[in-house]
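Undergrad: Given the coordinates of chain C, assemble chain X onto it according to the supplied hints.
There are 2 protein chains.
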Amino acid sequence: MNKLYVVGIGPGNYDNMTIRADKALKESDVIVGYGVYVDLVKDRYAEKEFFTSPMTKEVLRCEKAVEFAVEGKTVSLICSGDSGIYGMAALIYEVAESMDALAKIEIEVVPGITSASSGSAILGAPLTHDFAVVSLSDRLTPWEKIEERLRKAAEGDFAIAIYNPASKGRPDHLKKACEILGGIIPSERPCGIARNIGREGESARVLTFGELASADVDMFCTVFIGNSSTRIIDGKLVTPRGYRDV
Amino acid sequence: MNKLYVVGIGPGNYDNMTIRADKALKESDVIVGYGVYVDLVKDRYAEKEFFTSPMTKEVLRCEKAVEFAVEGKTVSLICSGDSGIYGMAALIYEVAESMDALAKIEIEVVPGITSASSGSAILGAPLTHDFAVVSLSDRLTPWEKIEERLRKAAEGDFAIAIYNPASKGRPDHLKKACEILGGIIPSERPCGIARNIGREGESARVLTFGELASADVDMFCTVFIGNSSTRIIDGKLVTPRGYRDV
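Taken in order, these protein sequences are the chains called C and X.
For the first sequence, this note's numbering begins at 1 and goes up steadily by one.
For the second sequence, this note's numbering begins at 1001 and goes up steadily by one.
Okay, chain C solo, but in the shape it has when bound:
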């Protein structure tokens, strides 16, 4: 049966890919993905066939990946970070079902390092304990639902990783999120911003929750909000699990 790998390539550099993701790409005839992500891997797998589609053309991208697999090609559909978390794995199942292709291809989801992990690593260890991940993109989710999730995450004292904190079309989403969280999270709570993780110009900034609302963020950032135990050690954001208390 023809393989369709849905591959999480991690933050973008080769070293943060898994050995399995590398093998899947090597084994593939075609690599399908968003142009920016395909550019990240193109040089290393230059002999492959490539298909890219722009943002908002995710369904088309998945349809092409399924088509290639049905035609008999081994395909890798690549996602930045993990292939599941805000990735294409779910859409591949939906699209393959609607194309009546589920019996004709074998879908294998290859996990990758998501920004919650890779961003944490450059900031220290902000997510050692229970945490929530929330995307501020309201392209596919009503803003009210995002607000409600932020509120519940903060009320539950979860450390929070915020994906898509801003983009050109929604420059003030993080500010809006901070306004919602402001009634629950104290302004001195340690927070962090990881930018361009694993890529050229990687940076990590530790700041307080009070400073976060006016911080400069863009679509290349992942934002971390500590829980009530998070503290700063040697410039790093550290959420203790509690081992030293027992």
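Calculated from the structure, these hints are not laboratory results.
Check before you lean on any hint, since a few could be wrong.
[What the hints assert, rightly or not] Cut-off 30 angstroms, straight-line C-alpha distance, at most; resulting in silico cross-link-like pairs (DSSO-like, lysine-lysine):
| hint | chain 1 | residue 1 | chain 2 | residue 2 |
| --- | --- | --- | --- | --- |
| 1 | C | Lys23 | X | Lys1175 |
| 2 | C | Lys23 | X | Lys1023 |
| 3 | C | Lys57 | C | Lys23 |
| 4 | C | Lys64 | C | Lys104 |
TA: Chain X only, in chain C's frame:
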């Protein structure tokens, strides 16, 4: 400066390690970890020195790792899954601080694939959207806090990944968690259990929330509870992001 890598080795098989984790282990003089995890990598890095400590001896393990680095050795402290998420990265910063060793060593956190990603991959794609991760281990966290987090996660309609759903000492924690969630999550909600991810005897089971309370789980399981959009496609647990609705 002497390097201390805190390395997430992923679920346990070599293929799900990152290229960077493999490099860190190869470069190290000593590999430190919980015995079970060290056994997973021992054969491949057989020429290294090893130090293991049992469960509940996490502080000792970190102290030894810091000591080795201060002595001039390159050290990898390994964690299963990610090195941050329920891992040792935070404790290394705490221990190095208390040993006054922060200026003498260079700590580098190497992220790994956490069960939220690797378990999702074998179940389908349950965490495509906002999600929360909660551990049911009350060794270091009061049970009341765990209950509160479960409640908030369900109220926020987060998909939920549950780590440490049971162990010998707390065989009924998942059942207790289901009782708390039962008032919020309908019994037909799709759920999943991933067991022995990436290891001998790997298994994935899709079931309803109503079936979850009496499901057989142990410390090798990660449990997934879908959000209000999660459905089953071809036996897989799939949480749509919403791409097909635009």
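Undergrad: For every hint, state whether the structure bears it out.
TA: Quick rundown of the hints versus the structure:
no., hint, in the structure
1, C:Lys23 x X:Lys1175, "violated, 40 angstroms"
2, C:Lys23 x X:Lys1023, "holds, 17 angstroms"
3, C:Lys57 x C:Lys23, "holds, 27 angstroms"
4, C:Lys64 x C:Lys104, "holds, 15 angstroms"
Against the hints set out earlier in the document, a violation occurs for number 1 only.
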